[in-house]
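From first to last, the protein sequence lines are chains G and V. Position 17 of the first sequence, counting from 1, maps to 52 under the numbering used here, and the rest follow consecutively. Position 31 of the second sequence, counting from 1, maps to 36 under the numbering used here, and the rest follow consecutively.
A hint or two may mislead.
What the hints assert, rightly or not - For lysine-lysine, the following DSS-like pairs were computed, each having C-alpha atoms within a straight-line distance of at most 27 Å:
1. Lys169/V - Lys157/V
2. Lys127/V - Lys46/G
3. Lys157/V - Lys127/V
4. Lys169/V - Lys127/V
5. Lys170/V - Lys157/V
6. Lys46/G - Lys169/V
7. Lys29/V - Lys53/G
8. Lys46/G - Lys157/V
9. Lys29/V - Lys46/G
10. Lys170/V - Lys127/V
11. Lys46/G - Lys170/V
12. Lys157/V - Lys53/G
13. Lys53/G - Lys127/V
14. Lys127/V - Lys29/V
15. Lys169/V - Lys53/G
Unchecked claim - Chain G residues, not near chain V, derived (Cβ > 10 Å throughout):
16. Trp85
17. Ala93
18. Ala95
19. Leu100
20. Pro102
21. Ile105
22. Pro106
If you are wondering where the hints come from, they were derived from the structure by calculation, not from laboratory data. Even for Gly, the Cβ is constructed at its ideal location relative to N, Cα and C.
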Amino acid sequence: MTDEMTDHNEKELRALLKLEFPPFEAAELERDLWPRMLRRLDAEPHRVPWFDWALAAAVAAALLLFPGAIPALLYQL
Amino acid sequence: MELLERFATGDLEAFEALFRQHQKEVYAWTVRIVRDTGAAEDLTVETFWRIYRARQRFDTAAGNFRAWARRIATNAALDHLRHARKEAPLSEDYPAAPRGDPAAQSELRGHLRRVFHELPSKYRLVATLALIEDQPYQQIADAVGISAALVKVRVFRAVRMLRKKLSSLGVEVTAK
Numbered sequence: 036m037t038d039e040m041t042d043h044n045e046k047e048l049r050a051l052l053k054l055e056f057p058p059f060e061a062a063e064l065e066r067d068l069w070p071r072m073l074r075r076l077d078a079e080p081h082r083v084p085w086f087d088w089a090l091a092a093a094v095a096a097a098l099l100l101f102p103g104a105i106p107a108l109l110y111q112l
Numbered sequence: 006m007e008l009l010e011r012f013a014t015g016d017l018e019a020f021e022a023l024f025r026q027h028q029k030e031v032y033a034w035t036v037r038i039v040r041d042t043g044a045a046e047d048l049t050v051e052t053f054w055r056i057y058r059a060r061q062r063f064d065t066a067a068g069n070f071r072a073w074a075r076r077i078a079t080n081a082a083l084d085h086l087r088h089a090r091k092e093a094p095l096s097e098d099y100p101a102a103p104r105g106d107p108a109a110q111s112e113l114r115g116h117l118r119r120v121f122h123e124l125p126s127k128y129r130l131v132a133t134l135a136l137i138e139d140q141p142y143q144q145i146a147d148a149v150g151i152s153a154a155l156v157k158v159r160v161f162r163a164v165r166m167l168r169k170k171l172s173s174l175g176v177e178v179t180a181k
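Kindly generate the complete structure, drawing on both the sequences and the hints.
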């Protein structure tokens, strides 16, 4: 397919797409999002999921009880 | 200390100043990609959340916060497209423009909408920006983090995929 044909095909499809999905040329934000940003910042400061703590505790306990597993663990890492 | 340096050290006032300077632009870019005003607001907040978390990686010497924010916004929008594609076709806040209304055109519109939403997300992203929003290839390339040549390739492939899918549905897009 020549470049000219490709460009022509692209133009047809572009025109159809623009009819179906009108461009958002003048999309204006209608409100200040800073209050939402603040809530997001407040909601997630340094939160560590409980599962991570449980996993870390389980690994630490296993290593204390079975020190011989340390080389195997290091090998897996 | 400059605003960007204060932001990089975690100064919340500096972050607020940057947020207020750039929120409209991030939103305007995002809504063009996801085509949903509510999702674009959420993604603007998500973008700045990612920006805040990554503040220590921001290169204050280069100092191009705008380009950095746009790249992060594009990634957030792409994640949204990937997630939305698995669930349902995206909503369109802006109604489609009226056209002549024979049944064939209505069918074509339905097929076009469907096959466009079925495009893989990375192709839909560049196709939306290049074919619908008329953004320059270089600007898309900077936002996505690929070369302009690769953007052109993706647009070409997206057009080919759309034509192939439309053709399989018995729809030929022909010149008038």
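### Task
If any of the earlier hints don't hold here, list their numbers in rising order.
Number 9 - this is the single hint that the structure violates.
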